[in-house]
Amino acid sequence: MAGLEITEETKQQAERIGTADVVVGIAGAVSGEDARVRAARVIEELGSGLSGLRFVFTWPGAAPEAGDAAENSSLTVAPLAPPAPAGEFWTAVSAHQRAVLALAESLNARACIVLGSDLAALDPHVIQLLVYAILDRQCGLVMPVYPAAKYEGLINSGILCPLSRTLYGRRVRYPLAFDFAASGALCGSLARTMAAPDNSGGSLLWPVTVAATQFPQVPVGQVHVEVRHEVATGGLELSAVLGQIAGSLFYEMEHCAAHWQRIRGSQATPIWGNAADGQQDGQPIDAQPMLDSFLLGSKNLDEVWRLVLPPNTLLELRRLTRMTPEQFRMPDELWASIVFDFALAYRLRTISRVHLLGALTPLYLGWVASYVREVSTLSSGAAEQRLEQFSRAWEDKKPYLLQRWRWPDRFNP
Amino acid sequence: MWQQVEQSLQSSMGRVMNRMATLLPGVLAFVVAFLLFLLVGWLLSLLVKWILTAVKFDERMSRGASAIAEWSPRSTPSLLIARIVFWCFVIAGVVVGVSAFEAGTSEHIISGWILGYVPRVIGAAILLLAGNVLARFVSRSVLITGVNLNLSYARLLSMGVRWMILVLTGAMVLDHLALGGAIVELGFGILFGGIVFALSLAVGLGSRDLVSRSLEREAARPVEIPQPEKIHHF
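Taken in sequence, the protein lines are chains Z and C.
One point on numbering: in the numbering used here, the residue at position 15 of the first sequence is 20, and numbering is uninterrupted.
One point on numbering: in the numbering used here, the residue at position 133 of the second sequence is 155, and numbering is uninterrupted.
Chain Z with its partners taken away, still in its complex shape (with noise of 0.2 Å):
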């Protein structure tokens, strides 16, 4: 795989830093001046707890200073390269990430911070907790654990906390996140992950994915963050994100399938920190519209849903078009089975991949609208019950994609 090319300033800064303990890099563009004023309070609020560590912060056009002021100030900063402008939302995010871990490598950091840039969580109590995880803990990797909101996050829910954890084994609750930290050892591999070559799987980081396979012997670990990212969801189309994420983490099953294979169950990992107060319940919300577009998708695209799932499961969703709206719900097996099932046509290519991203969309919104109504009445630390419940169906699923994804031919059930 090739490395993640670093510019000769950096080199050359990262040079004159020389090592660093802690590398704390935001992934994404962000005001220097605002960066350089949390960075500072950070440093100032960690004070004695931290003092033996030396900390390097950095993030896109970051300066150091210079004369006086470098000699004066606690807050060492490296310059970090904005990498090539990589297209849409999550490809530009983890392609930050990648430039952040790369500069932590060539700096040979025995840990590193990343935060997403809207700088929520650059935050002393944050740093904290991830720096003891990994450097007290020796945890090799660390996610992020944000506060309980059950209609937030609804992807990650739905899709890819389950099938991560179905898949590698590591129950982690977020695995897709704009913020987390890895070991020394794990920030070269995370760097040098390679892009999908297709556009239609984008080049998301999945951490999560790289220890699971890479270093299945180190030990992954959450941290409770009182985080709330306020991702700009304007001018971002459900089904163009969805195929973004979804497509990433099937070209990542494709091309670790000797991985996950041989992975039966889960463990739990270890969780640092209070976990903060679920947001508070509003009012119910509406369904119907979730459910129109699923009625609207089983109407219009049964000729392309035929072509990736099994009879018995087009059967069950033609039952669930004639439920009324009050009785509508997608079992956790069916919507497990579903998801399998477009993975392995993802990587059968048995229609354009484009065109199966974009043909998951109504499903995802049949499941919305399921997941919706059931939780409606449950409390957001109710509803996480309920996706753990959730994510154990997946695992029980795994053995009929085990043997769709080996006999894609013979076995049909």
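Think of the hints as simulated: they come from the structure by calculation, not from any bench.
Just so it is clear, CB atoms sit at the ideal spot from N, CA and C, and this is done for glycine as well.
Hints may be right or wrong, so weigh each one.
[Said to hold, decoys possible] Under 7 Å between C-beta atoms, here's a sample of chain Z residues computed to sit facing chain C:
(1) E157
(2) V246
(3) N305
(4) L306
(5) H360
(6) G363
(7) A364
[Claimed, not checked] One side of the interface only, derived from the structure: several residues of chain C facing chain Z at Cβ under 10 Å:
(8) T98
(9) S163
(10) L165
(11) I166
(12) V169
(13) L173
(14) A176
(15) R177
(16) F256
Fit chain C to the supplied structure of chain Z, relying on the hints for placement.
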């Protein structure tokens, strides 16, 4: 008189039998040449497929340009190339067979005509194939995008796009084959122009009232405060 009738019938039958006897070697030569090329083509296509599989051609192609995989996802690139090799030999077999047929009959009119027309047929076949693939791909794209945009008429739109591309392809193929001449061009022009004109009238005249009602509603509607999204997918 009957003897004369009998004699002329016998002489015509004799000429027919002679002609058939003259043609038979040519027909036999055609069949042998065609079958030979069919066999060679089949063996070579197997060999090509084996070589391409051995050099992992499909994997290399999937890492590079994905256009073939996207447009014809069920046929791997190596399978497509093997099929192209096979059908090239089949076409060559037909041409050589026709030449062998004419060598047996000492007439070269047909082969001259066929050899001149074969490039047009090949071009038309390629156009037809490309048009069908394009029609299928574009219509499916329109269908899926329309459904994701919650358009109730997504299927109708998709069918309309597919038929427009197929009609255009058909006209191009007939024009390339030089069949129908000006009738095809005129017919296509009338059909396509008629469709576009009908759509313009339908949209322009039919929606005139709708547009004015819509504008009136917009002007009369009170200012709405946008509600924050309650569901976040990402």
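Each hint, compared with the structure:
1. E157: Holds. Min distance 4 Å.
2. V246: holds, 6 Å
3. N305: holds, 5 Å
4. L306: With a minimum Cβ separation of about 6 Å from chain C (threshold 7 Å), the hint on Z:L306 holds.
5. H360: holds, 5 Å
6. G363: Nearest chain C Cβ about 4 Å off; hint holds.
7. A364: holds, 6 Å
8. T98: holds, 8 Å
9. S163: holds, 7 Å
10. L165: holds, 6 Å
11. I166: This interface hint holds because 4 Å falls under the 10 Å limit.
12. V169: Given a least distance of 5 Å, the restraint on C:V169 holds.
13. L173: holds, 8 Å
14. A176: Check passed: Cβ of C:A176 comes within 5 Å of chain Z, closer than 10 Å.
15. R177: holds, 5 Å
16. F256: This hint holds: C:F256 lies near chain Z, its Cβ roughly 5 Å from the closest one there, short of 10 Å.
Of the hints listed earlier, there is not a single one the structure fails to meet.
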